[in-house]
Amino acid sequence: MCIQSIDRYKGEELLCHEFAHAIHELGIRFTNTVFDSQLQAACNNSLKNNLWANTYARSDIREYWAEGVQCWFNCNIEAIPTNGVHNQVNNRAELKTYDPMLFNLIKTCFSSENKKFLCY
7 MCIQSIDRYK GEELLCHEFA HAIHELGIRF TNTVFDSQLQ AACNNSLKNN
57 LWANTYARSD IREYWAEGVQ CWFNCNIEAI PTNGVHNQVN NRAELKTYDP
107 MLFNLIKTCF SSENKKFLCY
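Numbers 7 to 126, taken from the working numbering, label the letters of the sequence shown in order.
Calculated directly from the structure, the hints in this document are not laboratory data.
Among the clues, some could well be false.
[Stated by the list, open to error] In silico EDC-like pairs for lysine to aspartate or glutamate, Cα to Cα no more than 20 Å straight-line:
1. K102 / E84
2. K102 / E31
3. K102 / E69
4. K113 / E100
5. K54 / D42
6. K54 / E69
7. K54 / D66
8. K113 / E31
Build the full structure now, drawing on both the sequences and the hints.
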């Protein structure tokens, strides 16, 4: 998963992104019955405020969640200017300022310990 010469996602941790999907789809939605409505509200708020424009997080609610989780764990990649996949938000501190509703929702699911886990 960390073979730099062939990693088309070099610089970000896709395993974290995919685990975020699994944690949501196979865990959180069954243990927190209001989670999906809270996630939808955060996503709607981000659309209303034109957050995540021209990024993968705008694809749908599931990608919005997974991209946010990557930022929570400080393992997303930054793109300035926005490149159709990423924007300037790639870590927890930036997520807190940029999309506080998503930040606060993610905070209910994961530890606030702020370690950076990267293979690069």
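Okay, the hints, checked on the actual structure:
1. This hinted pair checks out: K102 and E84 have alpha carbons roughly 15 Å apart, not beyond 20 Å.
2. At most 20 Å may separate the alpha-carbon atoms for a hinted pair to count; K102 and E31 exceed this at roughly 24 Å.
3. With a C-alpha separation of about 18 Å, the suggested pair K102 and E69 falls inside the 20 Å cut-off, and the hint holds.
4. This hinted pair checks out: K113 and E100 have alpha carbons roughly 14 Å apart, not beyond 20 Å.
5. Proximity of K54 to D42 is assessed by CA-CA distance (about 18 Å); at most 20 Å being required, the pair is judged to hold.
6. This hinted pair checks out: K54 and E69 have alpha carbons roughly 17 Å apart, not beyond 20 Å.
7. Taking the CA atoms of K54 and D66, the gap is about 14 Å. The hint holds against a cut of 20 Å.
8. For the hint linking K113 to E31, the alpha-carbon distance of about 17 Å falls within 20 Å, and the restraint holds.
The structure is inconsistent with hint 2 alone, although it conforms to all the rest.
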